[in-house]
Amino acid sequence: MHELSIALSIVDLVTTEALANGASSVSRVEIGLGNHSGVIREALEFAMEEAVKSTLLEHAVIEYVSIEAQSCCQECGLNFTPEGLYLPCPDCGNPMPELIHGKELIVKSIDIETTK
Amino acid sequence: MCGTCGCGEDSHIIYRKPGAPEKGHLHYHVHPHEHDGSEHEHGHHHHHDHDHVHSHEDEHVHSEHAHSHHPAHHDHSHETSTIRLERNIMAKNDMMAERNRGYFEALNITVLNLVSSPGSGKTSVLERTLKELAGSLDAFVIEGDQQTMLDAERIKAAGAPVIQINTGNGCHLDALMVNKAVKQLEPKKGSYLFIENVGNLVCPSLFDLGESKRVVIISVTEGADKPSKYPTMFETAQLCLINKSDLLPYVDFSIEEVKEHALRINPKLSFIVVSARSGEGFELWYDWLKGLRNA
Ligand SMILES: Nc1nc2c(ncn2[C@@H]2O[C@H](COP(=O)(O)OP(=O)(O)OP(=O)(O)O)[C@@H](O)[C@H]2O)c(=O)[nH]1
Ligand SMILES: [Mg+2]
Ligand SMILES: [Zn+2]
Chain A
1 MHELSIALSI
11 VDLVTTEALA
21 NGASSVSRVE
31 IGLGNHSGVI
41 REALEFAMEE
51 AVKSTLLEHA
61 VIEYVSIEAQ
71 SCCQECGLNF
81 TPEGLYLPCP
91 DCGNPMPELI
101 HGKELIVKSI
111 DIETTK
Chain B
117 MCGTCGCGED
127 SHIIYRKPGA
137 PEKGHLHYHV
147 HPHEHDGSEH
157 EHGHHHHHDH
167 DHVHSHEDEH
177 VHSEHAHSHH
187 PAHHDHSHET
197 STIRLERNIM
207 AKNDMMAERN
217 RGYFEALNIT
227 VLNLVSSPGS
237 GKTSVLERTL
247 KELAGSLDAF
257 VIEGDQQTML
267 DAERIKAAGA
277 PVIQINTGNG
287 CHLDALMVNK
297 AVKQLEPKKG
307 SYLFIENVGN
317 LVCPSLFDLG
327 ESKRVVIISV
337 TEGADKPSKY
347 PTMFETAQLC
357 LINKSDLLPY
367 VDFSIEEVKE
377 HALRINPKLS
387 FIVVSARSGE
397 GFELWYDWLK
407 GLRNA
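If you're matching them up, the sequences are chains A and B in order. Residue numbering for the first sequence follows my numbering, starting at 1 and increasing by one per position. Residue numbering for the second sequence follows my numbering, starting at 117 and increasing by one per position.
Please keep in mind that the hints were generated in silico from the structure rather than gathered at the bench. Ideal Cβ placement from N, Cα and C applies to all residues, glycine included. There's no promise every hint is true.
[Stated by the list, open to error] Restricting the straight-line Cα-Cα distance to at most 16 Å, the calculated cross-link-like pairs of lysine to aspartate or glutamate (EDC-like) are: (1) A:103 to B:210; (2) B:133 to B:269; (3) B:208 to A:17; (4) B:208 to A:75.
[As the list claims (entries may be wrong)] Far from chain B, some chain A residues (derived; all Cβ distances over 12 Å): (5) 22; (6) 32; (7) 37; (8) 66; (9) 70; (10) 72; (11) 78; (12) 79; (13) 80; (14) 86; (15) 91; (16) 92; (17) 100.
Could you put together the complete structure from these sequences and hints?
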């Protein structure tokens, strides 16, 4: 259910940016979701439908781009795509390689309509 | 805007001290914007809005429909442009959490965010802690629950100033709610502030409240594989209290197994086995709490 408050944050963020750029409406929103963001895409899609009502985003096409997990080992410097989460470094066995991608929860881009 | 439902206000989030009259009225959701242009009858109920789960196809039809209304098709007065944002969606909460954190640091307030599944014993652990440490530390409590004042009443009876946040349908506390609650609670300089989050192992993990430490509680009546099933919570906590140890003789629960699962996710996690019923392990928990001051 936290997807609804995330959806509202998206609407909030996009609205602010759109208005700052003089938009009359938003026609597309591109959302980046890390595989390990803690957000369920289906739940977010559903929540977005509610959240966009009566906003500049009401008729926007919402695109979801998933972002694959990528880890970097602080011990040996190895960059790798982890096969699962919370696994040690495949090279040196360091139990906590850092997840550098996969946590993302971002608005990548928006298309806005402006009236001339 | 309300962080819980789409209604555009947060008046149905209620902040209340035990015994005090309710601030504001209970807000039953009437969402005027959801009724816009829809052919609803009188008495149309909220959950109707959830009936129309769109498939992807629906989504497209929906947007095309929208486009066909668009003035851009009729004249050339509209222009579409793309703006690259690459902006973190959680930024707003994170920013508010940092503001809270700065406030707490300035007043030397140690803040613990207690998270667990419903019923693992957050309130029970707090009750015992507050009673037993009454003389040795100043404690304040924020209680997060969807509905009732019950936990706040228990905390008040245990002797600590408390404010209840009723989140309504919300399944977690966020930094803004804590910010508002703190203004009413007014925790003292140098005190401990315990925040009991809404019983839920998933959602609260994403929302930084500005706490000093996050404490996850699991009870021995739950599955030892819980950390693997709900990894984010165990990943973001610093301490894991394993509660209800008095029940260990009666359940099939392995402390070693739960630690193994949790350490795989978070090798830095500490553990204390406690029983809010018998008091077992609480000395270690108090040492840990007091140790936060010297850290
Ligand atoms: N046997 C035993 N029961 C406990 C212990 N701690 C809590 N309980 C019981 O577990 C139940 C739930 O405890 P609470 O403290 O209300 O749990 P909670 O995590 O605050 O629950 P929510 O606020 O609803 O999420 C109550 O019936 C407690 O009496 C314990 O150490 N041993
Ligand atoms: Mg409770
Ligand atoms: Zn390595």
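Quick rundown of the hints versus the structure:
1. A:103 to B:210: holds (14 Å)
2. B:133 to B:269: With Cα atoms ~9 Å apart, residue 133 of chain B and residue 269 of chain B stay inside 16 Å; holds.
3. B:208 to A:17: Satisfied, since the Cα-Cα distance of roughly 14 Å is no more than 16 Å.
4. B:208 to A:75: Given that 16 Å is the threshold and the Cα spacing comes to 33 Å, the pair is violated.
5. 22: Check fails; 10 Å does not lie beyond 12 Å.
6. 32: violated (8 Å)
7. 37: Incorrect as stated: the minimum Cβ-Cβ distance to chain B is 8 Å, not above 12 Å.
8. 66: holds (15 Å)
9. 70: holds (17 Å)
10. 72: holds (17 Å)
11. 78: Residue 78 of chain A is indeed farther than 12 Å from all Cβ atoms of chain B, at 18 Å.
12. 79: holds (20 Å)
13. 80: holds (18 Å)
14. 86: Non-interface label on residue 86 of chain A violated, nearest chain B Cβ at 5 Å vs cutoff 12 Å.
15. 91: holds (17 Å)
16. 92: The assertion about residue 92 of chain A holds, with a minimum of 14 Å to chain B.
17. 100: The assertion about residue 100 of chain A holds, with a minimum of 15 Å to chain B.
Of the numbered hints given earlier, the model fails hints 4, 5, 6, 7 and 14; all others are met.
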